[in-house]
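> My request is simple: use the sequences and hints to build the entire structure.
Protein chains: 2
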Amino acid sequence: MGLKVRKNQSPPVPHNCPLSECMSVLGGAWTPNVIWSLSGGVRRFNELRVDIPPISAKVLTVRLKTLEQQGIITRQVKATSPPSVEYALTELGKELLPAIDAIVKVGHKLKQRSK
Amino acid sequence: MGLKVRKNQSPPVPHNCPLSECMSVLGGAWTPNVIWSLSGGVRRFNELRVDIPPISAKVLTVRLKTLEQQGIITRQVKATSPPSVEYALTELGKELLPAIDAIVKVGHKLKQRSK
DNA sequence: TTAATAAGTTACCGTTAGGTAACCTTTAGT
DNA sequence: ACTAAAGGTTACCTAACGGTAACTTATTAA
Numbered sequence: 392m393g394l395k396v397r398k399n400q401s402p403p404v405p406h407n408c409p410l411s412e413c414m415s416v417l418g419g420a421w422t423p424n425v426i427w428s429l430s431g432g433v434r435r436f437n438e439l440r441v442d443i444p445p446i447s448a449k450v451l452t453v454r455l456k457t458l459e460q461q462g463i464i465t466r467q468v469k470a471t472s473p474p475s476v477e478y479a480l481t482e483l484g485k486e487l488l489p490a491i492d493a494i495v496k497v498g499h500k501l502k503q504r505s506k
Numbered sequence: 392m393g394l395k396v397r398k399n400q401s402p403p404v405p406h407n408c409p410l411s412e413c414m415s416v417l418g419g420a421w422t423p424n425v426i427w428s429l430s431g432g433v434r435r436f437n438e439l440r441v442d443i444p445p446i447s448a449k450v451l452t453v454r455l456k457t458l459e460q461q462g463i464i465t466r467q468v469k470a471t472s473p474p475s476v477e478y479a480l481t482e483l484g485k486e487l488l489p490a491i492d493a494i495v496k497v498g499h500k501l502k503q504r505s506k
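So the protein sequences, as listed, match chains P and Z.
If you're matching positions, the first sequence starts at 392 in the numbering used here and goes up one per residue.
If you're matching positions, the second sequence starts at 392 in the numbering used here and goes up one per residue.
Just so you know, the hints here were simulated from the structure itself, not pulled from any lab data.
Heads up, a few of these hints could be off.
Treat identical chains as interchangeable: a pair holds within one or across any two.
What the hints assert, rightly or not - Here are the simulated lysine to aspartate or glutamate pairs, EDC-like style, with alpha carbons at most 16 Å apart:
{"id": "1", "residue 1": "Lys502", "residue 2": "Glu412"}
{"id": "2", "residue 1": "Lys500", "residue 2": "Glu482"}
{"id": "3", "residue 1": "Lys496", "residue 2": "Glu482"}
{"id": "4", "residue 1": "Lys500", "residue 2": "Glu486"}
{"id": "5", "residue 1": "Lys469", "residue 2": "Glu438"}
{"id": "6", "residue 1": "Lys500", "residue 2": "Glu477"}
{"id": "7", "residue 1": "Lys496", "residue 2": "Asp442"}
{"id": "8", "residue 1": "Lys456", "residue 2": "Glu477"}
{"id": "9", "residue 1": "Lys500", "residue 2": "Asp442"}
{"id": "10", "residue 1": "Lys502", "residue 2": "Glu486"}
{"id": "11", "residue 1": "Lys469", "residue 2": "Asp442"}
{"id": "12", "residue 1": "Lys456", "residue 2": "Asp442"}
{"id": "13", "residue 1": "Lys502", "residue 2": "Glu438"}
{"id": "14", "residue 1": "Lys469", "residue 2": "Asp492"}
{"id": "15", "residue 1": "Lys502", "residue 2": "Asp442"}
{"id": "16", "residue 1": "Lys485", "residue 2": "Glu459"}
None of these values were measured; they are calculated from a predicted model.
In structure tokens, the structure reads:
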């Protein structure tokens, strides 16, 4: 006879889980920070580095590439001199903002708590 | 002369960042799933394993310990036979639910998208 | 006394993530 | 000719993460 499992009152999480799906986007180091930074509008590579001081160029590069592939941000080269590159949230990317807002809010409560 | 950085329109993220604070709680593998599962009420170790089939006992142990230390969940031993252990969200833990809800919602949109 | 159940624990291992630091390319200005 | 600015790229290294599988303890029932 198997394990007795009480019926779970929480909505069942489907096997191919939206929670994991979303976390695979938000999961990498500094990813939510990048999206948060872009929520204020278009931003260049080095501006993002200033917004998020601890991020390294390498990781920022990787994040931006990945997010572009995932359709979360766009990358546009401007013919300035030297050429600059502008990153912006797509419509899909903007859908992430409520989640990030919620995360920030909890972050504040956690910080209050730890004082 | 330094880098020209346009003023960012997004609310500045303070140095000791609530975003990172919260992600350090949600970041580990399966953590949001565990919290989500507990949102339906008290749950035992092996019930959680059933709720989240791919999680290993080892990782679940680590998650539960960490979340308990962080004040997100409680752990209570019941004098059944064999003794069983019940995990539940604390008030602080419940504060995470809106964030997780938001993440799940985006997860659905991402899944639609990829079809 | 053997087995089942609950809740872990431990050793071992491979992969990957992310940090550092050096390097590269293009364009324009001095 | 040299330098600065923008936006990367690359090699290298280490720590940490997470998976597997075997083992443990306590209690009770058959």
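> All hints are to be evaluated individually against the structure, with a verdict given for each.
Structure-based check of all given hints:
no. : hint             : result
1   : Lys502 to Glu412 : between (27 Å within a copy, 7 Å between copies)
2   : Lys500 to Glu482 : between (29 Å within a copy, 11 Å between copies)
3   : Lys496 to Glu482 : between (23 Å within a copy, 15 Å between copies)
4   : Lys500 to Glu486 : between (23 Å within a copy, 8 Å between copies)
5   : Lys469 to Glu438 : within (15 Å within a copy, 54 Å between copies)
6   : Lys500 to Glu477 : neither (34 Å within a copy, 25 Å between copies)
7   : Lys496 to Asp442 : neither (19 Å within a copy, 27 Å between copies)
8   : Lys456 to Glu477 : within (13 Å within a copy, 43 Å between copies)
9   : Lys500 to Asp442 : neither (23 Å within a copy, 28 Å between copies)
10  : Lys502 to Glu486 : between (26 Å within a copy, 13 Å between copies)
11  : Lys469 to Asp442 : neither (21 Å within a copy, 49 Å between copies)
12  : Lys456 to Asp442 : neither (18 Å within a copy, 34 Å between copies)
13  : Lys502 to Glu438 : neither (27 Å within a copy, 31 Å between copies)
14  : Lys469 to Asp492 : neither (30 Å within a copy, 38 Å between copies)
15  : Lys502 to Asp442 : neither (21 Å within a copy, 30 Å between copies)
16  : Lys485 to Glu459 : within (13 Å within a copy, 33 Å between copies)
The earlier numbered hints that this structure contradicts are 6, 7, 9, 11, 12, 13, 14 and 15.
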